[in-house]
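The listed protein sequences correspond, in order, to chains W and X.
Residues in the first sequence are numbered from 83 upward in steps of one, following our numbering.
Residues in the second sequence are numbered from 27 upward in steps of one, following our numbering.
No lab work stands behind these hints, which were simulated from the structure alone.
The C-beta atom is built at its ideal place from N, Cα and C for all residues, glycine as well.
Heads up, some of the hints might be wrong.
Negatives, chain X to chain W, calculated, CB over 10 angstroms [unchecked claim]: (1) N123; (2) L338; (3) I446.
Facing chain W, a subset of chain X residues (Cβ under 8 angstroms, in silico) [said to hold, decoys possible]: (4) D154; (5) L335; (6) N371; (7) L379; (8) L448; (9) F491; (10) G492.
The following label-pair restraints were derived from C-beta to C-beta distances [said to hold, decoys possible]: (11) X:L361 with W:V133: 12 to 22 angstroms; (12) W:E105 with X:T328: 53 to 63 angstroms; (13) W:L134 with X:F60: 47 to 57 angstroms; (14) X:D151 with W:L134: 45 to 55 angstroms; (15) X:T557 with W:A95: 14 to 24 angstroms.
In case you want the letters, here they are:
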Amino acid sequence: MSVDISRGGLLVALAIFGVILYEIRTVLDFVGIELPLIPYLIGVFVLAGVVLWIVSLKGGWRTEPDGEEPT
Amino acid sequence: MSAAIESEPTFLDKFPQEARVVRASFLSAFFALFLGAVFGIIQTLHRTDIARVIPSTDYYTLLTAHGVFLVISFTVFFLVGLFTWAVTRSLDRPLVNIKITWTWYALMAGGITMTGISILAGFTDAIDMSAAVLFTFYAPLQAHPLFYVGLTVFIIGTWVAGADWFRAWLAWKRDNPDERIPLQTFMVLTTMAMWYIATSAIAASVLIFLLPWSLGLIDQVNPTLTRTLFWFFGHPVVYFWLMPAYLLWYTVLPKIAGGRLFSDPLARVVFVLFLLLSTPVGIHHQYLDPGIAEGFKFISMTNTMFLLLPSLLTAFTVVASVEYGARQRGGTGLLGWLTELPWRNPAFTGMMLAGLMFAAGGFSGMVNAGMNINYMIHNTIWVPGHFHLTVGTAVALTMMAGTYWLWPQISNKPIYSNPIGLFQVVLWFIGMALMSNAMHAQGILGVPRRTAEPEYAGFEYASSFGGFGELNIQIAIGGTLLFVSTILFLGNLVLTMGNPKVSGLAETLPPALSGPEDAPQVLDNLRLWVTIALVLVVLAYALPIAAIINRGGLLGPGVEAFPVWLTPTSQLLTDAAAVLVGNVVETITASGPLTEVLR
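With the hints as extra help, turn the sequences into a complete structure.
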């Protein structure tokens, strides 16, 4: 089974959700849960890497040309 | 690839001379981007105290180089290249005289070289020259005259460039009297009209005040006046940077998404609104200036809020165009169409991420523009956090992404690596998210901007958002990712230049869904819009400038409003006249009564 999303789409989605996930740390800080910065940051990147790894195990992302030629 | 596309000529095939100008402009822009990025990373690591390779006394020189190379050299060189492409392509005819075109390029290159030398000389004591005045080069900071002369030559170059494009349009109009102005040309012309209005103030500021002051011809200047004249130019210049990005979002992005521009008339309305509204708002940069009455600041704030309208119209039109493209590619659902977009294409992804960050920049911009809440973040690092989202991402990332699409057509060489390009634009997004966000947060804590040493003895910043030290680490990590992203972009481009030329790279831009025939004719009446823009400028600026001069004097309080060299010169002339008159009188007296002489 391949993930029905292009590699770019996956990277963009991971980047956006990664940034949101990273910023959740600030929210947690406000409610009194203090987490160390660098381990948390590394954790977010590792999590993104794990997602990419799982995707590749499942057959990878969609790589066929998807109509980027001039219409 | 079909035979038809193989045989279709690229921009280089059709207009080889103009393509050379575009390439030269882009390469100048990217050289400046490289310099700016190097100064950027040194500055980020210095300020955050991660690594210090320069003494703090050189920080202002570094900051000036970072600012000037990026927001004057990189952006404007890219703009002139893009606009040359856009005018030539949309009018489908070469420029009138390519020698004029190379003349403005040479003026701009020569001008910025002079300015660059004057800044970089500040790093060495061997040369008695410095220009550590930052990009916002108003008084009381004073630069070496070469800095101002270089900027003047550079701006004259952009004026000639604008005239070159207006001339191309007029030549086209003679052959096509009943046609609507092609959209890309319309965008270029309205942007340049705005630029002429905006730069008039900075030209006056440099030629009448700053340059004579730097040369020692006048003793002092009125700082509030030079600040006001700078911001008269300093806010519209933001839109001057942004308009190339808008041009790409409106005319190229829908095509890459597989669709068409949603509405040509809306695009025209947006550019007219920017022409009208970008200049009479500059005083919103001066909310804390004591020399300007609150009422004028309020007017400026109101005008600024109106500027939200074209930005929101753009958000609607661009997203609608992209959604149309996605649905053409088979996308369905409320948000499901997003997955059908060409996210693997670095040009598309870069522009979309740039647009997303621009939305965030718009929010922080609203805080800057609000008179009351501005006081909270004024002169804090929040402000650089804001403009790294707008000019640093919406503009810079769009320009890089646009290059991935445009470069093959002006060189006939395919991009060396699209995967590296994709990684590069996503890395920029992540780096900027970290850096800019932490800058905003530090700004709320009150951390000042424009200083190598943002900490004070005996004072601790509040510990919210993780605290000052932790936010510094985020800024440093973000800045490093941005530097890596820039190097990847430039490396990819250099390797692309080594690629062999191929055919089949031609791209065409499809017409809008709602074309120019749906736009009211009056939108193309540039004279009308320029006149209204000038009236708005007079309304917004005449009284504040009169008040500033009235209160502080043209050249500062207590200073005569004429150059110092006029005093000895006039004394000399008076003495000479007195001697002359004395001699004449003496001669007349000696030769008898006047009546005798006359007889």
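Status of each hint after checking the structure:
1. N123: Since the minimum Cβ distance to chain W is about 32 angstroms, X:N123 lies beyond 10 angstroms and the statement holds.
2. L338: With a cut-off of 10 angstroms, X:L338 remains clear of chain W, as the shortest Cβ separation is near 21 angstroms.
3. I446: Consistent with the label, X:I446 stays out of reach of chain W, its closest Cβ about 12 angstroms off (over 10 angstroms).
4. D154: At 45 angstroms from the nearest chain W Cβ, X:D154 fails the 8 angstroms test, so the hint is violated.
5. L335: 27 angstroms, violated
6. N371: 6 angstroms, holds
7. L379: 7 angstroms, holds
8. L448: With a closest approach of 5 angstroms, the X:L448 hint holds.
9. F491: Constraint on X:F491 satisfied, holds at 6 angstroms.
10. G492: Holds - the Cβ of X:G492 comes within 8 angstroms of chain W, reaching about 6 angstroms at its closest.
11. X:L361 with W:V133: 12 to 22 angstroms: Cβ of X:L361 to Cβ of W:V133: about 20 angstroms, so the range 12 to 22 angstroms holds.
12. W:E105 with X:T328: 53 to 63 angstroms: Because 33 angstroms falls outside the window, the suggested range is violated.
13. W:L134 with X:F60: 47 to 57 angstroms: Between W:L134 and X:F60, where Cβ atoms are some 30 angstroms apart, the hint is violated.
14. X:D151 with W:L134: 45 to 55 angstroms: 51 angstroms, holds
15. X:T557 with W:A95: 14 to 24 angstroms: 48 angstroms, violated
Consistency note: the structure conflicts with the earlier hints numbered 4, 5, 12, 13, 15.
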